[in-house]
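S.K.: Sequence:
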Amino acid sequence: MSKSSKTYSCSICTYIQSIDTAKCEMCETPNSFRSKSKRTEDFAYDDTKIACPACTFVNGGRHIRVCEMCGHEFDVDDFPTKKFRTNKHDNDDDVKDSDDNHYDDKTYETPMSQNKEKKQKSIEAVEKPMNDAELRSYYNEYINILKEQRQQKKLSSDKQLHEIILKLFHSLQYKNEQSEGQLVFPYCQICYDQEEPVITMNACGHRVICPDDFHQYLSTRIRDSDLLPWIPCPAEVCSVPCDAKNIIEDGRLTHAELLSFITTYMLKKLSRNENFITCIQCQQGGFLQFGEPRKQEVTCQICNIKQTIEKGTDGDLDITFKQMIQSGHIRECPTCRLLTLKEKGLCNVIECAKCGIWWNWRTREQGHNGKDLKQRARTNGTLWEPGELWYQQDLERNNPAEFKALLERNGIKYDPHYVRGGWNED
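Position 27, counted from 1, in the sequence shown is what the UniProt record's numbering calls 27; the numbers after and before it change by one each time, with no gaps.
Hints in this document: simulated from the structure, not taken from any laboratory.
Each hint should be verified, as a subset may be incorrect.
Unchecked claim - Calculated lysine to aspartate or glutamate pairs in the DMTMM-like style (CA-CA distance at most 20 Å, straight line): (1) Lys-268 with Glu-365; (2) Lys-245 with Asp-212; (3) Lys-268 with Glu-351; (4) Lys-354 with Glu-343; (5) Lys-295 with Glu-274; (6) Lys-268 with Glu-332; (7) Lys-344 with Glu-385; (8) Lys-342 with Glu-310; (9) Lys-404 with Glu-388.
It should be emphasised that the depicted structure is a prediction, and the values quoted were computed from it without experimental measurement.
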């Protein structure tokens, strides 16, 4: 811990920051010292050593609430001697904070109120592969919708676009993950307008947002192309995908937003298929080539530019680009082969600008979720290239303007106070 009682030094990356932060602003390691300052009434302090049941790391002191190494949250049973404050509500799973949570039991349930034995399994969307016939149909539908969008003519009705969104949603497969608890509020947790109705999310049952803010949430996701594998519930801690009916019936999306949602989603999914080749001119149209790679003369249906395609090749790159690829300064996305340059000072986990997959610059490991991929990279020691974490820290301290510019050049929102989804996520 650093000399000042108001700051601490991260046990993993040594970054010095406010002791009030929940996790390290640089590497996201949980702040084990936060428990000391915020929960002094909850624990009796001593020199007891607690071995983490997940990673076996030995943590010092009964005050530690999360493992300093892996972030595992300790249960009461993990401690050799329980010295928690006696409280008449200790065994009440549904106890509410007296200051803030004054809602009737019928309209509000506290987050994570279920105990471990009662936790249910939530749902996470996972893409499933398409055979050649399904890919052709998917491609043709994409081209037709893209033509409508580019021509700015309303050729499809909103109902037809809704049906496409339903079809896309039901084309996903799902896997079970740990429950994120119940988030049920009597009014919107964004605008706090008590006159507005609150949407019930069909997939997870959460009630956190009104129709106006849900529309804003969807619009932002569409604008930022943050759609894969599917748009999640707007509750911050929930990864369950929004049911398509919520998007259609409650999202209030305009015709243009529906078109943008469909074309962005379908292009990203196409870009992950080895048989799809993106148009070199408009970067939205594309071509299918099945079987063995071969040169073909084709014309893009979107921009009408003639070109030669061959799947799995880089095309006619100049000598400088080829040298940068050979040296590793430019690397291909492991899924869609987009040539990518990672700027110095950013971590190795990046999102492909073309197909939306998350991948590790060093190991080429892939994932749909950047957070989980970063956690694996930390465990394996592959989150940073040598010297780049120090470079980023030094840049922030000594040249904040350039540090902010570095983040913004790479699509990362700068926020010195650490907001989830801000620059600290990268």
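S.K.: Would you mind marking each hint as holding or not holding in the structure?
M.R.: Hint check:
Pair hint Lys-268 plus Glu-365 holds up; C-alpha atoms about 18 Å apart against a cutoff of 20 Å. At roughly 16 Å between alpha-carbon atoms, Lys-245 and Asp-212 fall within 20 Å of each other, so this suggested pair holds. A hinted pair counts as satisfied when its Cα atoms are at most 20 Å apart, and Lys-268 with Glu-351 qualifies at roughly 12 Å. Restraint check: the Cα-Cα separation between Lys-354 and Glu-343 comes to about 17 Å, which is no more than 20 Å; the hinted pair holds.
Restraint check for Lys-295 and Glu-274: the C-alpha separation of about 15 Å stays at or below 20 Å, so the hint holds. About 16 Å separates the Cα atoms of Lys-268 and Glu-332, which keeps this hinted pair within 20 Å; it holds. Between Lys-344 and Glu-385 the alpha-carbon distance is near 9 Å, which keeps this suggested pair within the 20 Å criterion. For a cut-off of 20 Å, the pair hint linking Lys-342 to Glu-310 is broken: about 26 Å separates their Cα positions.
Distance restraint check for Lys-404 and Glu-388: the Cα-Cα separation of roughly 16 Å lies within the 20 Å cut-off, and the hinted pair is therefore satisfied.
Hint 8 from the earlier list is the only one contradicted by this structure; the remaining hints agree with it.
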